[in-house]
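J.: These protein sequence lines map, in sequence, to chains S and Z. Going by this note's numbering, 280 is the number at position 280 of the first sequence; the sequence numbering is gapless. Take any residue in the second sequence, count from 1 to its spot, add 1000: that is its number in this note's numbering.
The set of hints was computed from the structure by calculation and includes no laboratory data. As the structure is a prediction and not an experimental result, all values here were calculated from the model. The beta carbon of each residue, even a glycine, is placed where N, CA and C say it ideally should be. Where hints are given, some of them may not hold.
To be verified - Restricting the straight-line Cα-Cα distance to at most 25 Å, the calculated cross-link-like pairs of lysine-lysine (BS3-like) are:
{"no.": "1", "chain 1": "S", "residue 1": "K303", "chain 2": "Z", "residue 2": "K1202"}
{"no.": "2", "chain 1": "Z", "residue 1": "K1202", "chain 2": "S", "residue 2": "K6"}
{"no.": "3", "chain 1": "S", "residue 1": "K303", "chain 2": "Z", "residue 2": "K1210"}
{"no.": "4", "chain 1": "S", "residue 1": "K90", "chain 2": "S", "residue 2": "K113"}
{"no.": "5", "chain 1": "Z", "residue 1": "K1055", "chain 2": "S", "residue 2": "K6"}
What the hints assert, rightly or not - Just the calculated beta-carbon pair ranges, DEER-fashion:
{"no.": "6", "chain 1": "Z", "residue 1": "P1048", "chain 2": "S", "residue 2": "E217", "range": "35 to 45 Å"}
{"no.": "7", "chain 1": "Z", "residue 1": "E1254", "chain 2": "S", "residue 2": "S240", "range": "53 to 63 Å"}
{"no.": "8", "chain 1": "S", "residue 1": "R216", "chain 2": "Z", "residue 2": "E1020", "range": "48 to 58 Å"}
{"no.": "9", "chain 1": "S", "residue 1": "S68", "chain 2": "Z", "residue 2": "Q1004", "range": "34 to 44 Å"}
{"no.": "10", "chain 1": "Z", "residue 1": "D1308", "chain 2": "S", "residue 2": "D203", "range": "49 to 59 Å"}
{"no.": "11", "chain 1": "S", "residue 1": "P229", "chain 2": "Z", "residue 2": "E1137", "range": "47 to 57 Å"}
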Amino acid sequence: MSGAEKIAVKVTDVVPLNDLVTRFKFERVDGGLLPTFSGGAHTVVEMPEGDITRLNPYSLMSDPMDQSAYTISVRRDDEGRGGSLFMHNKVKVGDEMTISYPVNLFSLDLRAKKHLFLAGGIGITPFLAQIKQLERFNGNWELHYACRTESLGSYVDELTSHHPNETHIYYDDQDDKIDLLNLLDGQPLGTHIYVCGPKGMIDWVRNTAAAEGWPREAIHYEEFLAPQPGKPFEVKLAVSNKVIQVGEQESLLEAMEREGVDAPYLCRGGACGQCETRVIDYTGNFIHRDHWLDDDEHANGEKIMPCVSRFEGKTLVLDR
Amino acid sequence: MTIQFNDETFRDDYSFYNSERAIKRFPFPFHEDSYMYSVNMEQHRGGPVDSVYEKRFDVDEHYVSEMRDREMVLADDPLRCQSLPHMTLAGWDLLELIMVSKSEDYPDLFELHRDGNNWRWVNKPLGIDDSFVFLDETTLPYGPMEYITRQAQGDFCVLDQRDDNLWMDAGMVTTQADWSLDFDIGMNFFEWHAPVPLAHEKGIFVRALKFLLNIQQGAPARRLNWTMTVNPLLDTSPENYHKWGIQKTTLTPENLGAKQHLRVELQTFFRLPRSNALVFPIRCYLCSFQDLMTVPKWGRRLHRVIRDLPEELATYKGFIDNRPMMLDYLSKFDDGLPTSDGIWPDFETEPALQT
């Protein structure tokens, strides 16, 4: 079986936070305790709709020690393939859903003398759990959180009231910007940087820190890509001996799963590398969207990450 | 099943012994008549009744004596147990994992009572009844990893996961097959495996690391590894090589069946929830050749495996000099009949030795 272990849950709370973000609370259907987890972990939520089951990763934002419930926050993406719209429009209190055990691809480096968190928009969610974890052990942390507007600033009030000294908020529409160079310059030795937000922000932080001489191991980032819709295409799966069609609104991974092919995965967002698949033959062009394969691998046509990447052309044969 | 605990030693007079039941459940590591490295991982979620795979942490007749031996090793050399400062949370994770598993799997031997963070732990075989506050180190006589691994058979490596690698940042290692925690502490996966021959060339470690990094909560894994030990020694450490290395020269054709032991490690892997570290318990099982030969299938197979093992592996595993004598002994238990697939004894279907 692919992916992490599953847990049957019911939705016990749905709270719209603002125009874009809604929070969901899950408890076990059998009333038992959920596994503890480490700050930065995500769960994969299954969203069955018609003959497609989408599986999207969302960061767990509740207290990692709280085994009674998990909470996630979902930002509505009107341009996307509908995973977030499904959560916003279809999911109601009392619904039963399937989520995965926690998986952490963005864990704290517990050697750090200080944890410097940089969040953009919905990228705040993993930090909410990490902050709760660090608070329990008197960890040293500081948060710099950029939001588009005050009204879209999810959890700003909670953060500024509980942690007024550690929390710094920046509103784009007020031309507030993180003074990154100064911020990095003032950090004590042994500080680790964590950034979660839009791709532009992650690149900006990673490149700036690297240019300032920060060690690669001290810079942590997480960006889950949502699979993007695209033109339908046909794939031949050599091991399973099947020819399958990938629809406009589904990913290659989802199409394989729909056809009963047990393809490995974990994050489903182009980050973890688990679904890496060898290309046996192709005529056409890859649309690589992952950040697992490097530039050379994206150019040489030998591998594809079916969770987020697509294909346009005549023939694609995969070793799956 | 209630367990009768042996009163036995793993040093000096070597009074260690396996009961008939222990021989039958011995984890014989060869699933076919030859051996080569492989990642050979499988899910660790139970197994045949009374096999070493059945429980998350197997407790057997050697439990009490093994814990006594560990105490002696630690008294002589406290550096066998080390935990770098950032690994304390992983130590609590491990304590919880072992206490929960043992109290659920062996309710007649172990009890765990939890009221929030106020915990009471009862270990009947060792006569322990301690109350403490979970996540508060000051309420335990040792750090959490040391406390619980003084009460659990096998070595424990607690590996931090970062930078797409695993780091040997904590452990309790007193029953090891000639490697040293004090030497390896702080090393990454490739560094501590550097001395192993052939496997690097075969890409074993790259694949093994990829597998281990992806072990997730709720989905532990396991594999078997093996070597050879003369006399039933748990502590075959480099630190004490001057004591046990020389014993390899005491083997004679007459005493080999009793003195020569197959040493098997049941290695398991669990993701730890709060720390995202990985714990790697390495449980050592010893069985003398003469006891192994009571299983006809194992007699046939062990001879063939040892005979055909590449020289590099026999050297690395430390028995190249004794191999001819071992083969003289083992060949008497190989009548050339075919053997069934898999590691199990298959008493009902495998014929007795034809003489």
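J.: Decide, hint by hint, whether the structure agrees.
T.: Consistency of the hints with the structure:
| no. | hint | result |
| --- | --- | --- |
| 1 | K303(S) - K1202(Z) | 22 Å, holds |
| 2 | K1202(Z) - K6(S) | 34 Å, violated |
| 3 | K303(S) - K1210(Z) | 17 Å, holds |
| 4 | K90(S) - K113(S) | 44 Å, violated |
| 5 | K1055(Z) - K6(S) | 22 Å, holds |
| 6 | P1048(Z) - E217(S): 35 to 45 Å | 44 Å, holds |
| 7 | E1254(Z) - S240(S): 53 to 63 Å | 59 Å, holds |
| 8 | R216(S) - E1020(Z): 48 to 58 Å | 57 Å, holds |
| 9 | S68(S) - Q1004(Z): 34 to 44 Å | 42 Å, holds |
| 10 | D1308(Z) - D203(S): 49 to 59 Å | 55 Å, holds |
| 11 | P229(S) - E1137(Z): 47 to 57 Å | 52 Å, holds |
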